[in-house]
Amino acid sequence: MAAMRDLPLQKVAISGPTLASMLQRFSSSVGDVDGLLFGHVTHLAPTLTDDAPHTSNSDPSSSSDSPELVATITSFICPNSVLSFYDAFGLVDTPSLQRLLVAHPGRHRQHLLGWFSARRRTSNRPSMREFSVTRCLSSISELSLPVENAESPVNLAPCVFLLFATPVQEQLIHTHEYRAYQFRDSTECFDSKSVDIVNIGPAFRGHYGSFSPNSPFPMLSCDLRSSSAMNEDRSEEISLVELKKVANDQKELDMCAEGYGVANLNRLIGHEATSYTAGLEDLYEKMLVKIQSLAREVESGNAKVHQLESHNRKLRYKVGKGGVE
Amino acid sequence: MPYDGFPPLISSQLQYLLNHSSHLIKVEQVWSGTKYFPGAFDRFTLVIPYCLDFIRWDVVYNAELPMAPPDVIFAAEDEDFHPLHADTKLLQGILCNWNFKDPTCLFNLIEELRRKYVKYQTNLVERVDDDRLKFEISTIISREGIEMHMSSGTDKPEEVKFAVPLMDMNINKMVLACPWRHQQKIYLQVVYPVGRKYLSAPSAPRLKLMSSAELKALFPVDEIKLPSWVDGMCLAEYLPHLEELLQKQVLEAVSLIDVRRHFIEALAPLFGRPLEADPVFCRKATFLANSGPFTFLVHVSISTQFPKQPPSLMLQSTQHVNPRDMPVKSAIMNEYPWSPRWEVMLMAEKIHEFLFDECLNFKRYCNESQQQ
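Residue numbers (our numbering), protein chains in the order written: chain A, 622 to 946; chain B, 9 to 380.
Any given hint could turn out to be false.
[As the list claims (entries may be wrong)] Cross-link-like lysine to any residue pairs, in silico, SDA-like; alpha carbons within 20 Å at most:
{"id": "1", "chain 1": "B", "residue 1": "K169", "chain 2": "B", "residue 2": "Y128"}
{"id": "2", "chain 1": "B", "residue 1": "K43", "chain 2": "A", "residue 2": "H795"}
{"id": "3", "chain 1": "A", "residue 1": "K935", "chain 2": "B", "residue 2": "M175"}
{"id": "4", "chain 1": "B", "residue 1": "K97", "chain 2": "A", "residue 2": "I912"}
{"id": "5", "chain 1": "A", "residue 1": "K939", "chain 2": "B", "residue 2": "Y44"}
{"id": "6", "chain 1": "A", "residue 1": "K939", "chain 2": "B", "residue 2": "V267"}
{"id": "7", "chain 1": "B", "residue 1": "K216", "chain 2": "B", "residue 2": "K181"}
{"id": "8", "chain 1": "A", "residue 1": "K939", "chain 2": "B", "residue 2": "S40"}
{"id": "9", "chain 1": "A", "residue 1": "K935", "chain 2": "B", "residue 2": "M75"}
{"id": "10", "chain 1": "B", "residue 1": "K43", "chain 2": "A", "residue 2": "A724"}
{"id": "11", "chain 1": "A", "residue 1": "K814", "chain 2": "B", "residue 2": "E87"}
{"id": "12", "chain 1": "B", "residue 1": "K181", "chain 2": "B", "residue 2": "V267"}
{"id": "13", "chain 1": "B", "residue 1": "K109", "chain 2": "A", "residue 2": "Y938"}
{"id": "14", "chain 1": "B", "residue 1": "K97", "chain 2": "A", "residue 2": "L712"}
{"id": "15", "chain 1": "B", "residue 1": "K124", "chain 2": "B", "residue 2": "P91"}
{"id": "16", "chain 1": "A", "residue 1": "K939", "chain 2": "B", "residue 2": "F45"}
{"id": "17", "chain 1": "A", "residue 1": "K939", "chain 2": "B", "residue 2": "D110"}
{"id": "18", "chain 1": "B", "residue 1": "K43", "chain 2": "A", "residue 2": "S649"}
{"id": "19", "chain 1": "A", "residue 1": "K935", "chain 2": "B", "residue 2": "S40"}
{"id": "20", "chain 1": "B", "residue 1": "K43", "chain 2": "A", "residue 2": "E798"}
{"id": "21", "chain 1": "B", "residue 1": "K97", "chain 2": "A", "residue 2": "Y938"}
{"id": "22", "chain 1": "B", "residue 1": "K43", "chain 2": "A", "residue 2": "L704"}
{"id": "23", "chain 1": "B", "residue 1": "K43", "chain 2": "A", "residue 2": "H927"}
[Unchecked claim] Covered stretches of chain B (chain A as the covering partner; in silico rule of three or more C-beta atoms under 8 Å from a C-beta of chain A):
{"id": "24", "stretch": "31-44"}
{"id": "25", "stretch": "62-70"}
{"id": "26", "stretch": "82-90"}
{"id": "27", "stretch": "328-338"}
Derived from the structure by calculation, the hints contain no laboratory data. Think of the CB as a built atom: it goes at the ideal place given N, C-alpha and C, for glycine as much as any other residue.
This is chain A alone, in the form it adopts within the complex (with noise of 0.2 Å):
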């Protein structure tokens, strides 16, 4: 395992639709909510002329020779409540964080990056309980993520801490400040890290070079072998099994587009692939149709959500209120 290091981040960088996610997340809730980032650390490519020196390996913590990490927060989950995986005294409680760990589709390169807290009309500095929990998660070798592109095996402590607040004073504009954070194990304190909104548009064409996709289409061997004579007699004995293998390709598929054959993939490379774009529209719309019923799911999910959540809410109230007879 490669050693950790606390190496200064040069920024955090959030993809519009994260942020704007978290957002919504954090406006809808009914209180403070809190969760988990997930994301990886890159290290930038520094853009040397030949002639400078190099230096990489020498003191990470000087910020000239330091390497340019950026850390990108590709991902979030919301308990929808605080103190979701950490005490009031600001201790990671590990059973709760591991259950919210594997409640999260681990999905390639996200890895814990840190966490965030969201808290309404409060002032946007740190809390007594957010330093301490952001200390604590930090301290856990067992969850640091290795830095890609690095030039020798690196590892990151989960240190980024994303703070949401609105103001005090309530406005007519509704006005969410955010502000990121980096916990440096070396000083013991906060450092702030500027926040990069990654959109889409020609300034940010650098971001599609390191570009993975979050959710990636499923591997599916596609068989390339066109049903010939040669094959006929063999297809008996086999297609149970060839059966049994479609079908399972065909869940996969299911989970990304709604009614789309697997057999039709065949159709968008080879000799078929002529009729490449009219396949690929409906792959597309296929995918669009699953992504509207996956809406329409949730919707109802979060109906019935908002339900119990608004029961839970009188029952606690009742319970406030016996709580001092």
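Once you have looked at the hints, place chain B on chain A.
Leaving out everything else, chain B in the frame of chain A:
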């Protein structure tokens, strides 16, 4: 009351804190962070006295989870104050064994955090690289209740402030029927500019006596002339002398309460029983008087310098109001025949005589203001 509008669990804890803290903690601002109960307050700013100044801490509860312990956001200048450390077992116990039904929880939390804050500031001050300051700290650090504060900012010079509690005497006990809920103390505020270099003749620190506003009713510390600071002096030399001086003056101030009481009692046979009088410090009394059909109030206010200074008198008509519907009042009168060597009976008689003439002027003044 500041705790109206809170969910009952939070309210009882806040109420307990405000009523039981040994420091006069106040609530500056209350508001709500919930979406569905905007009327249910769950966050507030506490104003906590520290080092003769105030620190402001935001206490953030969650009205959705009133059973959970609150979080605290400290002031922006205290961004390095992180009290939740592995070695703070007491705080851990308070926060992790939070019992929402126990109204003392918030009190325990804030008191412990304040103790941590005292330590944090002391550490900051002790780390300052200034030889003179290091020496001064070493001589006074053992004083019980001393507090220090490091103030530094980009736009102001670095300074270290000490709040030195003076005199080991219980002023509360010396006052009969003492109304003070908190133990009264007189503090010397000492402000040192941070020099970082040893100077052969370091400048004198800025000195100021401080006390609560309550104590000023008995002993106005602002009027005390501090002994001068001789070049090359240190606090350990200065303090005993100052304490001796103050001790005498406090004793005298306490004995003056009785002198004022006798004076008010001496006024009673001439003016009748006072309508209202300050029974503890005897600084104020109000009598009802009349001149023929014209009845008026006589407000007598007695300074702590009495009998050196005559009491201030003010008349107020019971029959005339000004255009704003306020009773007509006279100007404050200090200039009348007076001698501090007179007996209190004679003082009272002289005031009575003076007012006998003065009330006619006042009556004329009232009638004139009525006609306008």
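Hints and how they fare:
no.	hint	in the structure
1	K169/B x Y128/B	holds, 14 Å
2	K43/B x H795/A	holds, 13 Å
3	K935/A x M175/B	violated, 56 Å
4	K97/B x I912/A	violated, 51 Å
5	K939/A x Y44/B	holds, 15 Å
6	K939/A x V267/B	violated, 59 Å
7	K216/B x K181/B	violated, 25 Å
8	K939/A x S40/B	holds, 19 Å
9	K935/A x M75/B	holds, 14 Å
10	K43/B x A724/A	violated, 28 Å
11	K814/A x E87/B	holds, 16 Å
12	K181/B x V267/B	holds, 19 Å
13	K109/B x Y938/A	holds, 14 Å
14	K97/B x L712/A	holds, 13 Å
15	K124/B x P91/B	holds, 6 Å
16	K939/A x F45/B	holds, 14 Å
17	K939/A x D110/B	holds, 17 Å
18	K43/B x S649/A	holds, 9 Å
19	K935/A x S40/B	holds, 18 Å
20	K43/B x E798/A	holds, 17 Å
21	K97/B x Y938/A	violated, 32 Å
22	K43/B x L704/A	holds, 19 Å
23	K43/B x H927/A	holds, 13 Å
24	31-44	holds (count 7)
25	62-70	holds (count 3)
26	82-90	holds (count 5)
27	328-338	violated (count 0)
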